[in-house]
Structure formats: C-alpha cells, structure tokens
Amino acid sequence: MSSNINTENWMKDIGVLDHLSGVGEGSTSAATKNITALVVDDDSVNQMIHSKILENLGIQNQVVRNGKEAVDLHSSGNNFDLILMDMDMPVMNGIEATRKLRAMGVRSIIAGVSTCTRDELEQKEFMAAGLDDFQEKPLTTPKLVSILQKVNKKC
Amino acid sequence: MVGTDLRQQLMNYIQSSHEQGILDEAFDRVKNLENDGNPQFLSEIFSMFCHDAENGIAELTRFLGEPVIDYENVSAFAHQLKGSSSSVGGHRMVLACCELRQASNNKMKEGSFEAFDKVKREYCILRDNLTYIAQMEKTILTNEARRRRQ
Numbered sequence: 001m002s003s004n005i006n007t008e009n010w011m012k013d014i015g016v017l018d019h020l021s022g023v024g025e026g027s028t029s030a031a032t033k034n035i036t037a038l039v040v041d042d043d044s045v046n047q048m049i050h051s052k053i054l055e056n057l058g059i060q061n062q063v064v065r066n067g068k069e070a071v072d073l074h075s076s077g078n079n080f081d082l083i084l085m086d087m088d089m090p091v092m093n094g095i096e097a098t099r100k101l102r103a104m105g106v107r108s109i110i111a112g113v114s115t116c117t118r119d120e121l122e123q124k125e126f127m128a129a130g131l132d133d134f135q136e137k138p139l140t141t142p143k144l145v146s147i148l149q150k151v152n153k154k155c
Numbered sequence: 001m002v003g004t005d006l007r008q009q010l011m012n013y014i015q016s017s018h019e020q021g022i023l024d025e026a027f028d029r030v031k032n033l034e035n036d037g038n039p040q041f042l043s044e045i046f047s048m049f050c051h052d053a054e055n056g057i058a059e060l061t062r063f064l065g066e067p068v069i070d071y072e073n074v075s076a077f078a079h080q081l082k083g084s085s086s087s088v089g090g091h092r093m094v095l096a097c098c099e100l101r102q103a104s105n106n107k108m109k110e111g112s113f114e115a116f117d118k119v120k121r122e123y124c125i126l127r128d129n130l131t132y133i134a135q136m137e138k139t140i141l142t143n144e145a146r147r148r149r150q
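Residue numbers (our numbering), protein chains in the order written: chain B, 1 to 155; chain W, 1 to 150.
By construction, these hints were calculated from the structure, which means they are not laboratory data.
Errors might be hidden in some of the hints.
Straight line, CA to CA, 25 Å or less: simulated BS3-like cross-link-like pairs of lysine-lysine [as the list claims (entries may be wrong)]:
id, chain 1, residue 1, chain 2, residue 2
1, W, K107, B, K52
2, B, K68, B, K124
3, B, K52, W, K31
4, W, K31, W, K120
5, W, K107, B, K143
6, B, K124, B, K52
7, B, K100, B, K124
8, W, K107, W, K120
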C-alpha cells in the first residue's frame, strides 16, 4: 500500500498523475513534456502497447523493430532519455544492441523488457551489457513508473 | 438503459472468458489503455495481433510440413506467438505455444503436431473472443457518443 502511495505522490510531483486523471491537461510539467523514449521490440503488438503506456503518461516516443535500428537511430544523432529494450530480436538482439549503445557513449536509461526467462545467465548477460533496469513482460504502467523514477533521478 | 445493458453484457462476456481461462489479467490491462483520445485502440491492437498470429501460424505450417522439420525455427515462431498472445492476455493460447515450444525443443514430431493443432484451436477461440469484444466496445462507444450529441 505504501509503495502505491509513494508512486502516486511521485507521479503527482512530475505531473504524470494529473495527466492520467485528465486534471490540468495541457499543463503537464516540464519534466514530463521533455522525457523522450525509444521502444525497441520486434513484436508489433508489444510495440503498440508499450507506446500507448508511454503516451498515456505524456511521454513522446518512437518505435523501432530491432537492436540495429536502435543503434542506427543513435548513430544519426538521435537520443532519448529512456530506451525500453526487448531481449530477443532478429538482426541484432537486445544484449548486443545495449553493448553497442554503451560503447557509443549513450547514457540514456536503458531498461531491458523481456519475457520471464529461467535462463538466469542470459538475464545476467543482459544486465552486464549495460542495463539500468530489467522488467519482465508484460510491461505495465506501475513497472514503467518505477523505471521513470530512474530517469527523474538522472535529469 | 440500452447502454448500461450492453456494458453489462460485455462485462459478463469478459468475465466468462476469464473463467474459461481464455483471457487473463493482461487483457484487462490492455483494455484499460484505451481512452477517449483513441477509441479505436482495442480494435487496432486485436487486428494487429490476429495479423501477426496468422502469419506465425502460416510459417509454422510451412516448417512442420517439411520432410525434415526445422525444429529451431518451429521453436522460434512458437516463442514469438507466445509473446504476442501473452501481450493481449490470451492465456490458453500462451499455454499451447509453450507446449509447442517444448515439443520442438525436444524434437518430438508427434508432440509438435499435437501441440500445433492445439495452438490453432486456441487461436480461433481467442480470435473470436477478441473480435466480439472489439465489436461490442465499438458499438458501446458509438452509442455513447450519439447520446452525448443529443
């Protein structure tokens, strides 16, 4: 119960709760307006859901289909406060993409978002590649809010 | 009122789907993402899921129809199907996909065919459920919009 109250208080502080309740729409705080996110996931359903969760929290976001597209986006000068990185993707998976982004000097909050895996070694490898957080799918609003707390601390 | 009746009918239908294990709490979370800004969201999500699932099933049919089965690809597509089914809350379909993945990881031919038949059956049930829910939701929202204009 207390963690729910803390989440609500934090969300009020950055204006996110106002946005969700419709109160003060159009007066979202600067912190919420300026947060940008990148969704990296090969599954189109997950792309839509994660994008919608971000949108409902007032966060501008883009979507790409694999790690290579995420790397290419950064190579062409784009950057984001938050990257939601799936693990299993074709062309370039989340582990490799995270390593490459960190090697490029990308300092965004990168949160691994993946299905529950019994392979602890794989999850450890994912964290070691440079993640700031890991959340099991499905991503929910409370899970995203806990990730956003790290973005807020960094800003 | 008609609107309340339709809402109740939809709630009862969703509740029944939960009780039969067709849908789980992930479905409720997706449904709650819909807002006035995008009333088509549910329809779009479900259409996308069905499109991707049918592509996945077509690929699995192809791989399982080969004289020498590529179990690695069967497992990969089963994993993909499991992921998107899980996102829309298709509980029984997720379980069927897990069975297929396990059978293909163990290179069990008969087991893979049986599990794939189950995946196809559960997909049809889930598709019909989601289609009905999306249509009901659309009717309800249309009626509500009409009443607001009056």
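Cross-check of the supplied hints:
With a C-alpha separation of about 39 Å, the suggested pair W:K107 and B:K52 falls outside the 25 Å cut-off, and the hint is violated. A distance of roughly 21 Å separates the Cα atoms of B:K68 and B:K124; the hinted pair therefore holds under the 25 Å criterion. Only pairs whose Cα atoms come within 25 Å are accepted, and B:K52 paired with W:K31 is accepted, the gap being roughly 11 Å. Annotation: proposed proximity of W:K31 to W:K120 holds, straight-line Cα distance about 24 Å (limit 25 Å).
Between the alpha carbons of W:K107 and B:K143 the distance comes to roughly 37 Å, so the proposed pair goes past 25 Å and is violated. Distance hint between B:K124 and B:K52 is unfulfilled; the C-alpha atoms sit about 29 Å from each other, more than 25 Å. Simply put, B:K100 and B:K124 have alpha-carbon atoms about 17 Å apart, close enough for the 25 Å limit, and the pair holds. About 20 Å separates the Cα atoms of W:K107 and W:K120, which keeps this hinted pair within 25 Å; it holds.
When the structure is compared with the earlier hints, violations turn up for hints 1, 5 and 6 and for no others.
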